[in-house]
Structure formats: structure tokens, C-alpha cells
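S.K.: Residue numbering for the sequence shown follows the numbering used here, beginning at 24 and increasing consecutively.
Careful, some of the hints might be misleading.
As the list claims (entries may be wrong) - Pairwise CB distance ranges, derived in the manner of DEER restraints:
1) 308 to 243: 43 to 49 Å
2) 398 to 166: 33 to 39 Å
3) 314 to 29: 40 to 46 Å
Treat the hints as calculated values from the structure; they're not laboratory data.
Glycine included, every Cβ here is placed at the ideal spot set by N, Cα and C.
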Amino acid sequence: LLRADGLRTGRFTSPHVTSVTERITIDGVPISEERFDATWREIEPYVALIDDRLIDGVEMTFFEIITAMAYAAFADAPIDVAVVEVGLGGTWDATNVADAGVAVVTPIDLDHTHLLGSTITEIAQEKAGIIKPGAHAILAGQPVEAAQVLLERCVEMGALPQREGIDFGVIGRQLAVGGQMIRVNGAEGPVDDIFLPLHGAHQAANAAQALAAVEAFLGLKAVDPDVVREGFAAVQFPGRMEVVRRTPTVVLDAAHNPHGARAAAAAITEAFGFTPLIGVVAVMADKDARGLLAVFEEVMNQVVVTQVASTSRGLPAPELGELAAEIFGPERVHVAPRLDDALELAIGLAESDTAGASGVLVTGSVVAVGEARTLLVTADEAPARPSSDDPDDDWDADLGDDGEPDRELWS
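Model the full structure from these sequences, guided by the hints.
M.R.: Following this line, the structure appears as C-alpha cells:
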């Protein structure tokens, strides 16, 4: 939306799907490997300076370094506006050194509980830290306990809250080829006939939040409806309800917790209605695998469980298979430790359906989706994911097997 309105943008996101350069984009294009390397070289002396001081005995982490790289790249570009995704939590996240004029909080649910807290209230308190004095706070629909924390933070900071369902939101939506047509509430009333090339009610809600955020950034000024349509029509989101193959159809979605699984399950049922649906699932060891499988059991006829290859912290396929057998029943579960074998098996199961209405959903982990995308999409479109031993599916925790910060992702 910002680019469609003529602004030069920088975007910092995590994790990446297939290439670490995806994390830093200028005007919608990931920086080149050469620019990535040059940016690291520019900040390397400062990293060394900090590490020499060994604050609290802890060297700078991968995520802290790549956040600094993003901000350096944005300064060099230069950009008009940065869109920065928090890595983990909010208050203590490296990205939060920036005082954003607009803070967006998407729906809060349980994840990273070993770091952020075991309750919605505790997690909301961490996330509320991105709301700075005088900022605009764009708040998605939240559980009551999260909404209370966020609104209290707004009062404390003198921030202006805008709430989904009250100040902005989706007015209507209907399925369309390759996505959905949506109608959203803007600063000066409804904006109609918006094509969003993404599937799922959750993505329509995300679009409404994005429009509210841009309008807040522009000073609560309405964006021209034609610009809104142009911006949303250009949206690309690899690894989220992304179709990468036909006959049978193979869909990738990086849902890695029960909250994401519920959104993915609803979206694939609504948009595709596969009968049968064959799942390929790989999960990281620190995630709620049982909760995720329980959601997918309701929509998957059979599941092929596997494990990721590029990190040692994936849940082993045999262990995931045992858990899946408890939930799906042994007759609906297949185990294939190698992802390529799992994909071949799942596609074979789908092809055996003579009605031609079958499909495959690859899910459970951002890392697994990245690896699957590399296998299923042409090499030019999907550069190889660098290997990592980061302990998180989200690639935003920073310790290697030896307990030291892992900096080898770009070396």
C-alpha cells in the first residue's frame, strides 16, 4: 500500500522462507547477496566493539545483528518509511530500539511461551511494549485479557488506539479465482471491490489492519481507493496458502502453532475443499505439536509426518509419527523422515484419488515450508535456505548447539 502511494519503503521481517536476504527488502525487492554481504561488512567493526565489551558476558545475537543490518540498509537506500516486524515479543526485541509512529498488534495467542510467558496476559504485556508515546496503535480483535493490557498501555503512553470492528475492519468478502474480493472500512468510509490474492478470512483481516496502519501513518488520511486496490492486488506472500503445483494441487502454509493451524485449516477448506486432503507435517521440537496435529486432524484425511533437514531442532519423524498416531489413528498416518520422500508419498496418495478432487497441504513449520518450496519451485524463484541450528521455527532465537550465538547463516 505504501509503495502504491508512491513512497520508498524498507521492510524487515522474520523468519525467511528460502533465503536470508528476504528479511531485508527495499521497495519490495530483497537486497542482493552482494548488498547483504557489504552491509554486514559495514557494521562488523561495531559488532566487534560491542562484543569486546561482553555486556553481561553475552555477545550480540544473530537477530540483533541482522536487525542492525536492516536499519543500516534502510539508511543507505535511503527510504521514506520502514515496515518492521518484531522478531519475538516486543518490549525487549531488538527491533524496538525504533520509536515507531504506528504500532500494529495482530491477534495474540500462545506461542514462545518458554520466553514470553504462559498466559495471554503475560504475552500481551510483552507485545504492548512496541506502543510508544503518542503513537497510533492499530489493534486487531483480541482476547479480552489481551485487549485490556493493550488499551491500558495506550492510556499510559498517550497513544491513540484504533480497534478492529470499531474503527476499521472487514465489511464483506467473497471467494474469487486466486484469492478473494473484500470490502473494508477505511478512514473515510468503505472501500469496495478490492481483490486480495490471498486465501482465508485471516488474510482479509490482515488487509484491513494494513490499510488502517497506512492511513494512520499518513495522518489519519484516507488512501485513494484506486491506490488501495492497486496495492492489495500486488500482494505476494510465499509460504502462506501458496499453490506451488497442480494436478494434484500442492499448497504450502507455514502455520506452526495451533492458532495458525486453525486459520490454515479454515482457509484451505474454504478456498479449495480438497477431498481427500493429504497433509505433510514437520514440526519444531519446541512447538505444540499435539495441539497443531489436533487441529489438522479435523481436515486432513491422511497425514505424512516428516522432519526438517536444515536444522537439528526439528522434532524427529518417528516421535512425531507416534504422536500423530494417537490423534489420527495409526491407519491414517505415514512416516517418512526425508522431506522429499514425504512429498513423493503424499503426492502419490493424492494421485490415487480417481475423482481428481484431492490436494496436498505442506505445513507445521516455516523451515519445512522453505525446504519444500526449494524442492517444488524452480531454483531461480527459490534460492536455497541456509542451514541453521537456531532452536526456533521462527528463526529468531539465537543460540547454536554449543549455546553460543550462531553467526554462520551468511558466512
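S.K.: Could you work out which of the previously given hints the structure breaks and list their numbers from low to high?
M.R.: When the structure is compared with the hints, none of them turns out to be violated.
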